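Peer 1: For reference, the chains in residue letters:
There are 2 protein chains.
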Amino acid sequence: MDMHELTRSLQVKNGSKIVMMVADGLGGLPMTATGKTELEAANTPNLDRLAAAGVQGASIPVKPGIAPGSGPGHLGLFGYDPLQYQIGRGALEATGIGFELQPGDVAIRCNFCTLDGDGKITDRRAGRIPTEESAPIAISLRQVRIDGVEIFVEPVKEHRFVVVFRGEGLGGEVNDTDPQATGVPPLDPVARDAASERTAEVAKEFLRQAKQILKDQPQANFHTMRGFAAKPDLPTYKEVYGLRAAAIAVYPMYKGLARLVGMDVVGEAQTLQEQIDVLQANWDDYDFFFIHFKYTDSTGEDGNFDAKVQRTEDFDAILPQVEALGPEVLIVTGDHSTPAFLKSHSWHPVPTLLVSDCCRHDPHTTFSESTCITGGLGQFEAKYLMLLALSNAGRMGKYGA
Amino acid sequence: MDMHELTRSLQVKNGSKIVMMVADGLGGLPMTATGKTELEAANTPNLDRLAAAGVQGASIPVKPGIAPGSGPGHLGLFGYDPLQYQIGRGALEATGIGFELQPGDVAIRCNFCTLDGDGKITDRRAGRIPTEESAPIAISLRQVRIDGVEIFVEPVKEHRFVVVFRGEGLGGEVNDTDPQATGVPPLDPVARDAASERTAEVAKEFLRQAKQILKDQPQANFHTMRGFAAKPDLPTYKEVYGLRAAAIAVYPMYKGLARLVGMDVVGEAQTLQEQIDVLQANWDDYDFFFIHFKYTDSTGEDGNFDAKVQRTEDFDAILPQVEALGPEVLIVTGDHSTPAFLKSHSWHPVPTLLVSDCCRHDPHTTFSESTCITGGLGQFEAKYLMLLALSNAGRMGKYGA
Chain A
1 MDMHELTRSL QVKNGSKIVM MVADGLGGLP MTATGKTELE AANTPNLDRL
51 AAAGVQGASI PVKPGIAPGS GPGHLGLFGY DPLQYQIGRG ALEATGIGFE
101 LQPGDVAIRC NFCTLDGDGK ITDRRAGRIP TEESAPIAIS LRQVRIDGVE
151 IFVEPVKEHR FVVVFRGEGL GGEVNDTDPQ ATGVPPLDPV ARDAASERTA
201 EVAKEFLRQA KQILKDQPQA NFHTMRGFAA KPDLPTYKEV YGLRAAAIAV
251 YPMYKGLARL VGMDVVGEAQ TLQEQIDVLQ ANWDDYDFFF IHFKYTDSTG
301 EDGNFDAKVQ RTEDFDAILP QVEALGPEVL IVTGDHSTPA FLKSHSWHPV
351 PTLLVSDCCR HDPHTTFSES TCITGGLGQF EAKYLMLLAL SNAGRMGKYG
401 A
Chain B
1 MDMHELTRSL QVKNGSKIVM MVADGLGGLP MTATGKTELE AANTPNLDRL
51 AAAGVQGASI PVKPGIAPGS GPGHLGLFGY DPLQYQIGRG ALEATGIGFE
101 LQPGDVAIRC NFCTLDGDGK ITDRRAGRIP TEESAPIAIS LRQVRIDGVE
151 IFVEPVKEHR FVVVFRGEGL GGEVNDTDPQ ATGVPPLDPV ARDAASERTA
201 EVAKEFLRQA KQILKDQPQA NFHTMRGFAA KPDLPTYKEV YGLRAAAIAV
251 YPMYKGLARL VGMDVVGEAQ TLQEQIDVLQ ANWDDYDFFF IHFKYTDSTG
301 EDGNFDAKVQ RTEDFDAILP QVEALGPEVL IVTGDHSTPA FLKSHSWHPV
351 PTLLVSDCCR HDPHTTFSES TCITGGLGQF EAKYLMLLAL SNAGRMGKYG
401 A
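Residue numbers (our numbering), protein chains in the order written: chain A, 1 to 401; chain B, 1 to 401.
Rather than coming from a laboratory, the hints here were simulated on the basis of the structure.
Here the structure is a predicted model, which is why all the values come from computation and not from measurement.
Heads up, some of the hints might be wrong.
Same chains, same label: a pair holds when it works inside one copy or across any pair of copies.
Calculated pairs, BS3-like style, for lysine-lysine (alpha carbon to alpha carbon, straight line, at most 25 Å) [to be verified]:
id : residue 1 : residue 2
1  : Lys211    : Lys343
2  : Lys294    : Lys120
3  : Lys17     : Lys398
4  : Lys215    : Lys204
5  : Lys215    : Lys238
6  : Lys343    : Lys215
7  : Lys398    : Lys294
8  : Lys238    : Lys36
9  : Lys17     : Lys294
Full structure from sequences and hints, please.
Peer 2: Below, the structure written as structure tokens:
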């Protein structure tokens, strides 16, 4: 049975509030064999106090040994099996720049490229043309007109931009046109199923017009299309959990991921303190709040151990303001680990903390990688965290009589 | 999604080496309520040192409470879901005696039996005729000739031998001819699907000729056929993991299991020291090494606690030679537990140790049944061990963006 069949059938409504604080890339590694992790090195009096009051565990984002991207990492936390629900590359790229995909849309990642006189690719990234030059060129492609299809073109960065087709009967199963090599011409878009034939035709016409528009560009005189993807069909928080859910994030990617599961994106916060202000301002209007903190991940990606420690302490310092609102369930977790040692997302389980008045606390009085593995939540797949959140909030009834 | 779809799509190639040391039947039990297990009683300074440097956990071979045979035990360690992939009895028997099955082969376990004058079975095992008598009788069946089919007959032990049919269009779905009773004649081979009709015909003809050849034998004057099985269709290590894999084992069964997943069987080692010599000699030619140590299992099966302790110490003593080669990932595990107390394979989780420079070590400084349950790897299904090995070796990319 799908977990959402359960959560749908067992929904209980009450006035409880659930706050999920996601410190992106929270888990880490020591830099030396005998060292501490970032979280262990950080001074985190609030997390430790919450650890004493609550229960902790080690969240496995996907499966043991799998390092997830932000998409599957967050889907797991939101309670959507990240192996069952997949967000195509184009849809994730559009989501990441804040484009609001609608059902039926097809999103495509595009790269400017350079063609020679024979139409063969000489540079698959058009010399990594700077964003300030490439953005106006991408915008010039908004001239393209195709009958029956609404077209969106959004610059991203350097040679990258996103195209979205909106219309009837557009499937997302179309092959990349990037041949992954130079000295050969780009490929034609080819549908992999009947439902995507129209998409392939539209893409072909788009490319035909784009070639005309771009023909005088010195570097970006054409573009490839990759990662065709329809909007993923994810059931909403409202439907599967009965929750009015709000997302408070700074970066477009996380706002976009939250929108995909039907959360309202609230506020315009640019700092963690502003995120908390938005939380306070919207407290009465929602049952569930997802608060995303980016910098534990970005400092980890940079390999900057000390900066990650500092950002962890910043995150810790804000927690009393969240506690003061009196949520029935407060969760602190991450979508994956990002050890500064590896400078990348990793597969290691993520320290995860849950505090409620009925959470059966464990003996731990600190919160870290080494304590969470023997915490009361054990090691568990992230997709189960929402079930724990709902039960601790009294929002899920008994299964079976 | 199948785990191998993931590992295929996320493969990263690098120069790292992974060594998986399998001490067969590694986990144990105390002989008395207050006693130690074999592993706890053994003096294992090297395992303890590795425990301090690495991370441990408890590997569940199949599912909690399931005691596996060698086949599913090893398939799990190799990363093949042992409930999804099954090795038919005939194929396992052939594999166990070192017969190299080819795609399309059908292997059959045969038992000599005794028929009375009316063709009814009086002894289903032909008096458990000793191997030195039965082997030549089995070999006499190599006279059987059937058009279009290559036939192999291999003695096993006592009344048991293996027959393999090799040819076109031979399915593996044929019923046993052993009626599981005396006083009745053997059954005819009957196909369970259309693709196996030819196999049933070939088996019938084999039995007809065998009856002639055996008719003057006093005990083994006929035989039954059981466990018809095609070569299992397992994807290879090369394909699913991108690994050049070598197996270094003494016993035919484990060489055979390794061959089924596409490992090269290297060397002719007869002792653990010789296995390490083979490892050293082949170090540059492979990415992954499976080293199988039998005696922690066989002493457990014998119920000989002290001998299992001794064999565990022998295993421990060899580890520095493996470490000296500098593998990026070193794993010590077992395919299942074989407690001397039970004299059999058991369902208990298997102490499992992983050492790499990014394994997030846990606080343990010894390696045992009692420490592994609170180790950093938690309790996990054996089929995930290869994912952890690949990630720790830097050989698996991120899932999703």
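Peer 1: Between copies, within a copy, both or neither: which fits Lys238 and Lys36 at Cα up to 25 Å?
Peer 2: neither (41 Å within a copy, 37 Å between copies)
Peer 1: At 25 Å max between alpha carbons, let me know whether Lys215 reaches Lys204 within a copy, between copies, both or neither.
Peer 2: within (16 Å within a copy, 74 Å between copies)
Peer 1: Up to 25 Å between alpha-carbons, please classify Lys215 paired with Lys238: within, between, both or neither.
Peer 2: neither (48 Å within a copy, 45 Å between copies)
Peer 1: How would you label the pair Lys294, Lys120 (within, between, both, or neither) given a Cα cut-off of 25 Å?
Peer 2: neither (41 Å within a copy, 59 Å between copies)
Peer 1: Within a copy, between copies, both or neither: where do Lys17 and Lys398 come within 25 Å Cα-Cα?
Peer 2: within (20 Å within a copy, 33 Å between copies)
Peer 1: Is it within, between, both or neither when you check Lys343 against Lys215 at 25 Å Cα-Cα?
Peer 2: Neither: 40 Å inside a chain and 74 Å across chains, both beyond 25 Å.
Peer 1: Check Lys398 against Lys294 for me: Cα-Cα at most 25 Å, and say if that holds within a copy, between copies, both or neither.
Peer 2: between (36 Å within a copy, 18 Å between copies)
Peer 1: If the cutoff is 25 Å on CA atoms, where do Lys17 and Lys294 land: within, between, both or neither? Let me know, please.
Peer 2: within (23 Å within a copy, 35 Å between copies)
Peer 1: At most 25 Å between alpha carbons: which applies to Lys211 and Lys343, within, between, both or neither?
Peer 2: The answer is neither: 39 Å in one copy and 70 Å across copies each exceed 25 Å.
This entry does not satisfy hints 1, 2, 5, 6, 8, going by the numbered hints stated previously.
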